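**Q** Single-letter residue listing:
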Amino acid sequence: GDSVTQMEGPVTLSEEAFLTINCTYTATGYPSLFWYVQYPGEGLQLLLKATKADDKGSNKGFEATYRKETTSFHLEKGSVQVSDSAVYFCALSAGGGSQGNLIFGKGTKLSVKP
Amino acid sequence: ETGVTQTPRHLVMGMTNKKSLKCEQHLGHNAMYWYKQSAKKPLELMFVYNFKEQTENNSVPSRFSPECPNSSHLFLHLHTLQPEDSALYLCASSPTMGDKRRMGTQYFGPGTRLTVL
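In order, the protein sequences belong to chains P and R.
Mapping of the first sequence onto this note's numbering: residues 145 to 258, in sequence order.
Mapping of the second sequence onto this note's numbering: residues 1285 to 1401, in sequence order.
Isolated chain R (complex conformation) (with noise of 0.2 Å):
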């Protein structure tokens, strides 16, 4: 499915801007994430929201700020990055969290291939 887009696809800043990744699912799901991928390491869980509620925050640094106006939309803040910040971001979404039967099935985004330099 391709129901998870990214914007921008790119992003390089420096380490004083402030930019924000954007993310849009049109799945009609309840539940959203972000996630970090970098080079050599596991896939990073950020940060989930359900119904726009965020219900976890894997102790990420506050220079990263997530916002969910609503089920469709998640956004992902950034301020003075690092440049160990460079990843590529994930985002993505799934049905309702509880259904058992679809639970842990999420849809990703193709990405936003960040840069800080």
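If we strip away everything but chain P, and leave its shape as in the complex, we get (with noise of 0.2 Å):
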């Protein structure tokens, strides 16, 4: 079944360091791909999108590409702040007839200290 492998964290950075988070799914058809982050306390938030091969989403600073020939959706970021501290989690929609659900990675604690 479609699957979602998302590299382990936590992660701790310096501020202004750069941040890659490494995602690679496993899906039949051609799915929609998103990295959702998560602050302290608080539900899921989007942080970006891509539909199809190639497209880059972008939000915040924060990039991710589409990439089919290595079913890859890598997060990065060229200067993290304090700010940016939280869990990310890289998602999958699935097609056939569950159109519209997501299946999340485990997600990836990112600190990062002034």
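Keep in mind the hints are simulated off the structure, nothing from the lab.
This one's a predicted model, so the numbers in the text were calculated from it and none came from an experiment.
The hints are all genuine.
Straight-line distance between alpha carbons at most 30 Å, and here's what the computed DSBU-like set of lysine-lysine pairs gives:
| # | chain 1 | residue 1 | chain 2 | residue 2 |
| --- | --- | --- | --- | --- |
| 1 | R | K1325 | P | K196 |
| 2 | R | K1320 | P | K196 |
| 3 | P | K250 | R | K1303 |
| 4 | P | K250 | R | K1325 |
| 5 | P | K250 | R | K1324 |
| 6 | R | K1325 | P | K257 |
| 7 | R | K1325 | P | K221 |
| 8 | R | K1325 | P | K204 |
| 9 | R | K1306 | P | K250 |
| 10 | P | K257 | R | K1324 |
| 11 | R | K1320 | P | K204 |
| 12 | P | K253 | R | K1306 |
| 13 | P | K204 | P | K250 |
| 14 | R | K1320 | P | K250 |
| 15 | R | K1320 | P | K221 |
| 16 | R | K1324 | P | K212 |
| 17 | P | K200 | R | K1325 |
| 18 | R | K1325 | P | K212 |
| 19 | R | K1324 | P | K221 |
| 20 | P | K204 | R | K1324 |
| 21 | P | K253 | R | K1320 |
| 22 | P | K253 | R | K1325 |
| 23 | P | K253 | R | K1324 |
If you follow the hints, you should be able to join the two separate chains into one complex; please do so.
**A** Set out below in structure tokens:
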């Protein structure tokens, strides 16, 4: 079945460091791909998404490119801030009869130190 | 967006209690979801409702009973829970399923932190 694998955390970085969180997926058909973020004490928020191969999603300085050839959707940010500390979830939308349903990775906790 | 609310935010209950979690969305969406988030485990989809009809039940034990009286409200009724049911329960909503452009964009509430003693 469809699945998402993302790098285990926690990830600890200093402010202004470069961030990469790896995400790979397994899916039939042509899923849409997402990054969600969960700040402490809150629910998940959509960070960015891409709906087809080679699309780049971007938001708040974060970027991810839908790579069909490597089945990847890695999250990057050039310079992280303390306020980026959160848990990041990679997800894909299942196709077929479960249109709209999301399959999530386990989440990667990011801590940014001043 | 903060259009999805959940109450209560925290709940402690004994194994013999009956309680209900409430979710309300003010976004005009027609699909609503219950998820369970446990430590060190992936987010688990529990139930999906589309236009008030349950379209998915991911083998959830019968001690969890969902109810969706209309497209804006979703409940999760709890009875005779086990300690391993302690988790953060998240509600989400999304635009009408089948709209590929917006498919997968779900809006989450803040969750109810449930502790079963």
